[in-house]
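> Use the sequences and the hints to build the structure in full.
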Amino acid sequence: MNAWAVLLLAWAALSPQLESLEMQKAAVVRLTIHRPMAADETAAAMFVGKDQQNAFFITACHAIVELCKEPPGKPVSSIDLQFHNSATRFEAFIFERFNAGLDLAVVRTPVGSLPPGIPTIPVGDAASAAPIRVVGHPAAGGWSTWSGVVQNENGANADVQRFITNRDFSLAGGYSGGPVFDSRGAFLGMHIETTESYGVAVKSADVLRQLKAWNVPTTNLGPAAAGDLQADRDAISKVLDNFVNAYSRRDKDALWTIWPNAPADRKKAIESSFENARSIALTLSQVTFDEMSRQRATVRARFLQEFVSKTGAELKQPGTYVFRLEKKDGAWIIGALE
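341 is the number that our numbering gives the last residue of the sequence shown; the numbers go up by one with no jumps.
Each hint should be verified, as a subset may be incorrect.
What the hints assert, rightly or not - In silico SDA-like links for lysine to any residue, alpha-carbon gap of 20 Å or less:
#	residue 1	residue 2
1	Lys53	Pro125
2	Lys330	Met295
3	Lys77	Ala42
4	Lys28	Ala175
5	Lys330	Ala175
6	Lys72	Ile97
7	Lys28	Ser147
8	Lys270	Ile336
9	Lys215	Ser200
10	Lys330	Leu211
11	Lys53	Asn223
12	Lys319	Ser282
13	Lys72	Lys53
14	Lys313	Arg253
15	Lys270	Gly322
16	Lys330	Arg212
17	Lys330	Val242
18	Lys270	Thr260
19	Lys270	Val325
20	Lys330	Ala238
21	Lys255	Pro266
22	Lys331	Ser131
23	Lys319	Glu274
24	Lys28	Lys255
25	Lys53	Phe96
26	Lys53	Lys270
27	Lys28	Thr91
Just so you know, these hints were derived from the structure itself, not from any lab.
Listed below in structure tokens is the structure:
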């Protein structure tokens, strides 16, 4: 094999990864934060969506909101926003809502500032030992990438809104607000802090939940690729089938296997109904997946429960279930049922 053939094969192997990295960088902007009588600061932000007037970007709250700093800092006088591969700077404005607990804030700029071709970013969940990269703007240069792994799916003190990454000294200032991507380019969360021994990111699901509550558009964030999730959808459908079968058989052991953390009062009420029933028939219909990732899902379904008591009394109860499912040790379970 000649040298040109070797070079072409090497390029073919590398080009998808390079293309993916460039696509991720296209969704990341550089914020230059100006404060009176203070040196400029730099943070990263990621494009999440737009409406007819504005484009919206998430960033670390401590970078732009003085109340999120410890101790509180000087108020911001202005913010410049810059897109990848462009020298043009646009003025950005701080969105009126922020969440200091999540260290989450939003900036906006007129929608006409958006360059063409920003890719839609799929959303995923952090998994232990998964390879990741963070895009940010440290002193080493804008749109730098830091590569590492997820160290813990939750934060310190079992904080379920954060996850932990490993770190080295290159994970420095300027990465705050930067998105954390997995090897497939899915958005896992936003980098917010670096301690002496690890990095901290807020989870994508909690970011999305807060943006939805604020009515911030998330038109640029999409689900993970459908092919990646089909096996999970099939597994979740099996869990729902097992739920229906366990309920209809009045098999509490099977029910609590797939719903292990059911509230005590709910368990007591269900087990009491099992004991007082001659028969129970539960059916689900109009099953829809409201949210879906590789670790969590929200499924809505209409139900009809037909209950016959030991005395022969009959009761039909229709309604809607909202299943909130999660993956534990590779298996889907019901985390909550509303």
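> Against each hint, give a clear statement of whether it holds in the structure.
Hints and how they fare:
Distance check on the hinted pair: Lys53 and Pro125 sit about 16 Å apart at the alpha-carbon level, within 20 Å; holds. Distance restraint check for Lys330 and Met295: the Cα-Cα separation of roughly 11 Å lies within the 20 Å cut-off, and the hinted pair is therefore satisfied. A threshold of 20 Å between alpha carbons decides the hint, and for Lys77 with Ala42 the separation of about 11 Å falls inside it, so the pair holds. Between the alpha carbons of Lys28 and Ala175 the distance comes to roughly 18 Å, so the proposed pair stays at or under 20 Å and holds.
For the given pair, Lys330 sits about 32 Å from Ala175 by alpha-carbon distance, which is inconsistent with the 20 Å threshold. Proposed proximity of Lys72 and Ile97 is supported: the alpha carbons are some 15 Å apart, at most 20 Å. The hinted pair formed by Lys28 and Ser147 meets the criterion: a straight-line CA distance of about 9 Å does not exceed 20 Å. At roughly 16 Å between alpha-carbon atoms, Lys270 and Ile336 fall within 20 Å of each other, so this suggested pair holds.
Under the criterion of a C-alpha separation no larger than 20 Å, the hint pairing Lys215 with Ser200 is inconsistent with the structure, at around 33 Å. A C-alpha spacing of about 19 Å is found between Lys330 and Leu211, which places the hinted pair at or below 20 Å, so the restraint holds. With a CA separation close to 8 Å, the supplied pair Lys53 and Asn223 stays within the 20 Å bound. Pair hint Lys319 plus Ser282 holds up; C-alpha atoms about 12 Å apart against a cutoff of 20 Å.
For the given pair, Lys72 sits about 28 Å from Lys53 by alpha-carbon distance, which is inconsistent with the 20 Å threshold. Using a Cα cut-off of 20 Å, the hinted pair Lys313 and Arg253 holds, with the two alpha carbons roughly 13 Å apart. For the suggested pair Lys270 and Gly322, the alpha carbons sit about 19 Å apart, so the restraint of at most 20 Å is met. For the proposed pair Lys330 and Arg212, the alpha carbon gap of about 19 Å is at most 20 Å, so the pair holds.
Straight-line distance between C-alpha atoms of Lys330 and Val242 comes to about 11 Å, which keeps the hinted pair within the 20 Å bound. Taken as a hint, the Lys270 and Thr260 pair is honoured in the structure, with Cα atoms around 12 Å apart against an allowance of 20 Å. Distance hint between Lys270 and Val325 is fulfilled; the C-alpha atoms sit about 17 Å from each other, no more than 20 Å. This hinted pair checks out: Lys330 and Ala238 have alpha carbons roughly 10 Å apart, not beyond 20 Å.
For the hint pairing Lys255 with Pro266, the CA-to-CA distance comes to about 14 Å; that is within 20 Å, so the pair holds. For the suggested pair Lys331 and Ser131, the alpha carbons sit about 12 Å apart, so the restraint of at most 20 Å is met. Between Lys319 and Glu274 the CA atoms are separated by roughly 18 Å; this keeps the pair inside 20 Å, and the hint holds. About 50 Å separates the Cα atoms of Lys28 and Lys255, which puts this hinted pair outside 20 Å; it is violated.
Distance restraint check for Lys53 and Phe96: the Cα-Cα separation of roughly 14 Å lies within the 20 Å cut-off, and the hinted pair is therefore satisfied. Pair hint Lys53 plus Lys270 does not hold up; C-alpha atoms about 44 Å apart against a cutoff of 20 Å. Distance restraint check for Lys28 and Thr91: the Cα-Cα separation of roughly 16 Å lies within the 20 Å cut-off, and the hinted pair is therefore satisfied.
Hints 5, 9, 13, 24 and 26 from the earlier list are contradicted by this structure; the remaining hints agree with it.
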